[in-house]
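A.B. asks: Read off the chains here:
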Amino acid sequence: AQSVTQPDIHITVSEGASLELRCNYSYGATPYLFWYVQSPGQGLQLLLKYFSGDTLVQGIKGFEAEFKRSQSSFNLRKPSVHWSDAAEYFCAMHSGGYQKVTFGIGTKLQVIP
Amino acid sequence: DTAVSQTPKYLVTQMGNDKSIKCEQNLGHDTMYWYKQDSKKFLKIMFSYNNKELIINETVPNRFSPKSPDKAHLNLHINSLELGDSAVYFCASSQDTGIQETQYFGPGTRLLVL
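Taken in order, these protein sequences are the chains called A and B. Going by my numbering, 45 is the number at position 45 of the first sequence; the sequence numbering is gapless. Going by my numbering, 1 is the number at position 1 of the second sequence; the sequence numbering is gapless.
In isolation and in its complexed conformation, chain A is listed as follows (with noise of 0.2 Å):
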């Protein structure tokens, strides 16, 4: 069964500190992989997506996020955190006919001063 698995529910980083967010899949071919983010009583945003090609993406607001087939990875990045970052982030993975998408339960980042 295809399954995102996003291990980290909450975490804290300092402001100027870098930042990886992880998420991890289980699908029988290669997935088309997504990573959202959610500010408090807002939508979904998109921040960069992989289909194919170079393994490392690079998305708005300074994340990208690397491919990693051998760890059915994608783990999200971001050298040097901003207070505004702070929000819940979500892997997504599409997977199958219609658009069946399937999202990690989510990662809450705080940043501190």
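Certain hints may be false.
Residues from chain B shown here face chain A by an in silico Cβ test under 10 Å; the list is partial [what the hints assert, rightly or not]:
(1) A72
(2) E101
(3) P107
Read the hints as simulated data drawn from the structure, not as lab findings. We put the beta carbon where it would ideally sit given N, CA and C, even for glycine.
Using the hints, position chain B against chain A.
C.D. replies: Below, chain B alone, put in the same frame as chain A:
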């Protein structure tokens, strides 16, 4: 202009009532979705429509009935509301059903059933 809009933003109602949530997208997309986000923030797809036709219907109680009057609108009607229906409901749209298509989300409707 908001790309995907939902009304109302907040909805507080009593158990047993019937309520509707409306969604509109002005992106010219062919495909629209409803998601439910529970109290643990877990997002799960409920329905998907393509060109006004139902294409995804996950295991959702039949108290939930989506209606798509045209490609730009996908409304969600809920009959006999239950406590467990309390959640945030997100509408989304994409250009079409292609697996690589990005989904654009609305701001959500926070439903509280008392």
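A.B. asks: Each hint needs a verdict: does it hold in this structure or not?
C.D. replies: Each hint, compared with the structure:
1. A72: Hint violated; A72(B) Cβ to chain A Cβ min 17 Å, cut 10 Å.
2. E101: holds, 7 Å
3. P107: holds, 4 Å
Violated hints amount to a single one, hint 1; each of the other numbered hints is respected by the structure.
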